[in-house]
Amino acid sequence: MFGKIFLKEWRENILIFSLAILMILCLIVLNLSSQKELTLYFSGMFLMLFLPFSALIIGSGGFYSEFKDNAWEYLFSRPIRKEKIWIYKYISLMSILLSIFLVFFLTKHFLPGLNETLKDFDVHSEFSGLFSFSLYVILPLFAFTISFSLSILYEKQFIIILTSIIIGTALGFLYLKYLVFLWMTYFYTRGFKSFVLFIALSFIIASILTLMKCDFSQTGKKILTFSKYAVIFLVVSFFLGTAYVTKGKMFSPSKEFYPYFSYKHQGDVYLSSFTHGIFKYDSKQDKLEKLSKKSRFAYYRFSARGKKIVFIKETKRKNIWHDDLWIMNTDGSEEKALIESHKKDSPFHNVHIESCILSPGEERVAFIAISRGIMIENNLPVLWWMNTDGTGLKSQPLDFPHYINSHLIAWPMFEDSIILLLEEKTSRPKSRFKIVKINFDKGNSQVLTDDLTRTYLVRVSPKHDFLAFGFKDKNIDREALAILNLKTLEIKEAYIADLLKSFNVKWSQNGDKIAFSIENEFWVYTLAENRAEKIMYLDKGGRLSFDWLSEGDRLVLAGPGYGDMRIIGKDLNEEKRIKTPNMNKNQQPIYIWGLDNKVLVKFQRGHLWRVDLETEDWKKID
Amino acid sequence: MTEILKVENLYKNFGRKKVLEDFNMTLEKGKAYGLLGRNGEGKTTLIRMIMGVIPSDKGEIFYKGKRIRFSDTSYKSEVGYIAEESIFFSWMTIKGLMDFNSSFYPKWNAQKANKFLKRFSLDKKMRIKNLSRGMKLKLGLIIALASEPELLILDDPTSGLDVPTRHDFLKDIIREILEFGTTILFSSHLVHELEGVIEHLSILHHGNLIVDEDFQKIKNSIKRVHILFDEPPPDKIKIEGILTEQTDGNRKVLVIYPWNEEKENKIMSSTSAHLEIEPLSLEEIFISFVS
Numbered sequence: 001m002f003g004k005i006f007l008k009e010w011r012e013n014i015l016i017f018s019l020a021i022l023m024i025l026c027l028i029v030l031n032l033s034s035q036k037e038l039t040l041y042f043s044g045m046f047l048m049l050f051l052p053f054s055a056l057i058i059g060s061g062g063f064y065s066e067f068k069d070n071a072w073e074y075l076f077s078r079p080i081r082k083e084k085i086w087i088y089k090y091i092s093l094m095s096i097l098l099s100i101f102l103v104f105f106l107t108k109h110f111l112p113g114l115n116e117t118l119k120d121f122d123v124h125s126e127f128s129g130l131f132s133f134s135l136y137v138i139l140p141l142f143a144f145t146i147s148f149s150l151s152i153l154y155e156k157q158f159i160i161i162l163t164s165i166i167i168g169t170a171l172g173f174l175y176l177k178y179l180v181f182l183w184m185t186y187f188y189t190r191g192f193k194s195f196v197l198f199i200a201l202s203f204i205i206a207s208i209l210t211l212m213k214c215d216f217s218q219t220g221k222k223i224l225t226f227s228k229y230a231v232i233f234l235v236v237s238f239f240l241g242t243a244y245v246t247k248g249k250m251f252s253p254s255k256e257f258y259p260y261f262s263y264k265h266q267g268d269v270y271l272s273s274f275t276h277g278i279f280k281y282d283s284k285q286d287k288l289e290k291l292s293k294k295s296r297f298a299y300y301r302f303s304a305r306g307k308k309i310v311f312i313k314e315t316k317r318k319n320i321w322h323d324d325l326w327i328m329n330t331d332g333s334e335e336k337a338l339i340e341s342h343k344k345d346s347p348f349h350n351v352h353i354e355s356c357i358l359s360p361g362e363e364r365v366a367f368i369a370i371s372r373g374i375m376i377e378n379n380l381p382v383l384w385w386m387n388t389d390g391t392g393l394k395s396q397p398l399d400f401p402h403y404i405n406s407h408l409i410a411w412p413m414f415e416d417s418i419i420l421l422l423e424e425k426t427s428r429p430k431s432r433f434k435i436v437k438i439n440f441d442k443g444n445s446q447v448l449t450d451d452l453t454r455t456y457l458v459r460v461s462p463k464h465d466f467l468a469f470g471f472k473d474k475n476i477d478r479e480a481l482a483i484l485n486l487k488t489l490e491i492k493e494a495y496i497a498d499l500l501k502s503f504n505v506k507w508s509q510n511g512d513k514i515a516f517s518i519e520n521e522f523w524v525y526t527l528a529e530n531r532a533e534k535i536m537y538l539d540k541g542g543r544l545s546f547d548w549l550s551e552g553d554r555l556v557l558a559g560p561g562y563g564d565m566r567i568i569g570k571d572l573n574e575e576k577r578i579k580t581p582n583m584n585k586n587q588q589p590i591y592i593w594g595l596d597n598k599v600l601v602k603f604q605r606g607h608l609w610r611v612d613l614e615t616e617d618w619k620k621i622d
Numbered sequence: 623m624t625e626i627l628k629v630e631n632l633y634k635n636f637g638r639k640k641v642l643e644d645f646n647m648t649l650e651k652g653k654a655y656g657l658l659g660r661n662g663e664g665k666t667t668l669i670r671m672i673m674g675v676i677p678s679d680k681g682e683i684f685y686k687g688k689r690i691r692f693s694d695t696s697y698k699s700e701v702g703y704i705a706e707e708s709i710f711f712s713w714m715t716i717k718g719l720m721d722f723n724s725s726f727y728p729k730w731n732a733q734k735a736n737k738f739l740k741r742f743s744l745d746k747k748m749r750i751k752n753l754s755r756g757m758k759l760k761l762g763l764i765i766a767l768a769s770e771p772e773l774l775i776l777d778d779p780t781s782g783l784d785v786p787t788r789h790d791f792l793k794d795i796i797r798e799i800l801e802f803g804t805t806i807l808f809s810s811h812l813v814h815e816l817e818g819v820i821e822h823l824s825i826l827h828h829g830n831l832i833v834d835e836d837f838q839k840i841k842n843s844i845k846r847v848h849i850l851f852d853e854p855p856p857d858k859i860k861i862e863g864i865l866t867e868q869t870d871g872n873r874k875v876l877v878i879y880p881w882n883e884e885k886e887n888k889i890m891s892s893t894s895a896h897l898e899i900e901p902l903s904l905e906e907i908f909i910s911f912v913s
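Top to bottom, those sequences are chains A and B. With my numbering as the guide, the letters of the first sequence map in order to residues 1 to 622. With my numbering as the guide, the letters of the second sequence map in order to residues 623 to 913.
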């Protein structure tokens with residue numbers, strides 16, 4: 001039975017398949033005659049126009065011959081289940097599309113030069129993680145499924161194609177709006193995958209049920225029945241899709257914990273989740289505690305003394321996100337808003353707050369603000385500062401006309417100045433970074449260096465007296481780990497390498513040492529001795545994660561592919577190894593926080609665990 | 623006698639139009655049933671519902687005592703069906719269509735199929751789209767018969783056929799089928815053809831069966847009665863079962879069902895009229911019931 005239907009469907013669609021093969025042959029000829037531009041253009045037409053429309057045509061014609069010949073009556077009077085007819089037809093028609101894909105991708109793979117030529121198409125799309133070529137397969141298959149599901153309703157293919165396009169687009173728009181509503185827009189890939197899968201399934205089920213239960217001769221009734229089932233299953237699929245997208249996210253903040261927005265203080269770890277807020281892992285109580293009441297954090301900073309947190313929180317009003325500046329104690333108490341830019345009467349209404357920092361004494365807070373789309377003083381960023389009780393608001397425009405964005409790095413204790421990292425647009429493809437010091441009392445700015453590399457890894461020491469960063473040594477055209485003394489403004493090259501590949505940096509708790517990794521090498525630099533010592537060479541693995549334990553002199557190392565967790569002792573020799581649980585390919589430790597004889601570990605799937613270094617006992621925290 | 627098919631309290635509407643309303647019918651094994659009705663009365667709709675092509679709005683259908691749901695298909699392997707319009711996949715050949723169908727029916731009899739192909743002078747290599755209406759009907763019949771059905775449903779299959787083919791089909795083939803013990807449900811509006819073929823008559827009118835009886839019994843009990851009065855006849859004759867009544871001068875012509883001796887005596891006793899009684903053909907019976 002299946003064989004007969006398979007041959008029938010292939011026979012009826014042989015023209016489209018032949019056309020596809022012809023186009024691929026043209027592509028081959030163009031490629032062999034080294035017509036790169038034409039090959040690209042032709043490939044674009046094939047991938048972006050021909051494939052999706054072929055999918056729609058094949059799908060919409062799913063039941064066309066049954067309508068045309070009235071053969072549906074004949075077929076339904078045979079001893080074959082209607083859902084079987086549907087499934088056999090679906091598979092048979094799908095095989096035509098898949099065959100076209102197969103021929104194309106085999107040609108792309110084996111034809112010399114074509115793979116290289118078509119590389120421009122093979123890029124990460126906005127749907128991060130989803131290569132364009134997979135999009136070129138998924139979208140036509142999705143379009144085919146929708147149009148085939150609708151093809152039972154009406155015989156006119158053009159109407160089915162048009163309806164499929166309208167419905168598919170409308171549903172896509174609704175679903176993305178729904179993701180925005182859930183504050184899940186950064187899960188586009190996950191959302192896209194669930195959208196394609198669950199929406200397609202909804203249409204398949206609705207179509208099969210309509211065929212099984214409805215009078216095929218009555219178009220109106222079919223449409224009503226199909227719509228009824230489609231709505232039910234679409235609602236179910238939206239819930240399922242939501243659950244899939246937010247899997248764990250709604251209930252498990254640890255999936256959003258990253259080292260960049262985390263702080264260690266007195267044996268505890270403070271972690272930030274974009275949607276859930278600020279949390280504290282309390283080492284004594286051995287559990288995770290939520291500190292902030294509100295959620296949707298863009299940015300947060302601890303004071304150097306560790307008693308207060310200042311943070312930027314996003315608030316949505318009339319479809320626009322506003323940045324509010326808040327402050328609270330480390331224990332979560334006395335949470336209050338310093339700036340509520342979402343309020344129309346706020347002087348900061350419609351202003352974007354980029355970063356913030358607390359003064360060493362915690363009596364002041366500074367932040368960078370820039371108006372959204374409004375030209376104020378050539379659209380320069382403005383440095384603001386105020387007392388933490390909300391009084392004493394002052395500002396100073398930053399005289400950097402080619403500014404793109406900025407980040408407040410340090411507020412030294414020894415003078416009234418502030419250090420920021422500034423990104424400027426240049427005539428070269430890459431923008432330029434500067435470390436700038438702003439003097440509050442003098443009101444001037446000073447560029448401390450503009451030869452930075454690896455700018456995402458500018459690290460301030462715990463006392464805000466030194467900066468560690470990647471540095472381009474022009475004299476020898478190599479990269480170096482540089483240490484900038486914020487008091488003397490002297491820059492020392494702690495370690496010089498050809499390239500600071502897979503670079504990572506961590507200051508020790510009292511700021512006298514820096515642990516850093518370059519590719520598979522792990523080093524420790526001692527400030528006082530101005531000496532870098534290689535601790536270890538790790539022969540395989542992914543990104544290495546490491547941290548100082550809270551007592552200051554021991555280190556912990558872990559990462560995907562490195563096997564057991566390693567503890568480095570005070571003498572910088574390996575002290576012991578600790579087995580991590582669930583050591584399989586998909587559950588490796590990716591971030592670690594060293595505490596007092598404990599290590600907090602985040603695994604690949606987002607779960608947070610704690611290991612006691614003495615007992616080697618593991619406990620799941622979140 | 624065992625039931626092979628039973629239809630209970632069936633309803634079907636198309637929009638606001640009620641086609642079948644509380645319809646009931648029973649088919650017994652091995653008999654030939656004639657289903658008559660005017661155009662649009664719902665014969666084809668009923669058959670489609672029996673064949674699971676379209677669902678009913680309400681009611682039950684039983685095949686061999688087992689309830690059939692719209693999604694059931696297993697019973698169809700024992701039911702042969704020839705539709706009013708023999709529609710097949712036009713691009714297929716006869717052989718292709720035979721092969722296509724043989725996969726559905728476990729009892730498919732290829733020898734029988736070939737025998738009938740020869741008898742009907744059909745070439746296996748011919749394409750469906752090149753067949754005439756008569757050829758398609760024959761092909762439909764071959765497919766239906768080759769599946770060795772226990773129940774054969776024919777929905778007005780002979781309309782549009784030439785007389786010799788119709789004759790051959792009705793007289794010879796139907797008889798052959800009946801010899802195998804196959805139950806036949808023959809729906810047609812070419813009433814006269816069914817005479818001599820059917821054993822049981824059902825007439826569908828206004829959504830329900832107004833006649834559902836052994837054909838010979840009906841034939842014996844429905845009469846056209848001519849009453850010749852000496853004087854102008856009364857407006858109405860008070861007799862039960864008058865299907866039609868016509869007056870022509872002093873003559874009244876009545877079709878009465880059921881006609882019996884009691885009614886004859888009643889007429890004779892109430893008037894001094896002269897009575898003539900004559901039987902009706904199937905066509906006349908049908909017209910009398912539905913007019």
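Worth flagging that the hints you see were computed from the coordinates, not collected in a lab. Take the hints with a grain of salt, since some may be wrong.
[Claimed, not checked] Simulated crosslink set (DMTMM-like; lysine to aspartate or glutamate; CA at most 20 Å straight-line):
| hint | chain 1 | residue 1 | chain 2 | residue 2 |
| --- | --- | --- | --- | --- |
| 1 | A | 68 | B | 707 |
| 2 | A | 228 | B | 679 |
| 3 | A | 213 | B | 679 |
| 4 | A | 4 | B | 777 |
| 5 | A | 222 | B | 679 |
| 6 | A | 84 | B | 694 |
| 7 | A | 213 | B | 682 |
| 8 | A | 8 | B | 721 |
The structure presented is a predicted model; accordingly, all values stated were derived computationally and were not measured.
Hint-by-hint comparison with the structure:
1. 68/A - 707/B: With a Cα-Cα distance of about 13 Å, the restraint between residue 68/A and residue 707/B holds, given a limit of 20 Å.
2. 228/A - 679/B: Cα-Cα ~18 Å, so holds.
3. 213/A - 679/B: Holds, because 11 Å separates the two Cα atoms, which is no more than 20 Å.
4. 4/A - 777/B: Violated, at about 27 Å.
5. 222/A - 679/B: At roughly 14 Å apart (the allowed maximum being 20 Å), residue 679/B and residue 222/A satisfy the hint.
6. 84/A - 694/B: holds, 12 Å
7. 213/A - 682/B: holds, 15 Å
8. 8/A - 721/B: Distance ~13 Å between residue 8/A and residue 721/B Cα, so the pair holds.
Figure legend: structure checked against the earlier numbered hints; the only hint not met is number 4.
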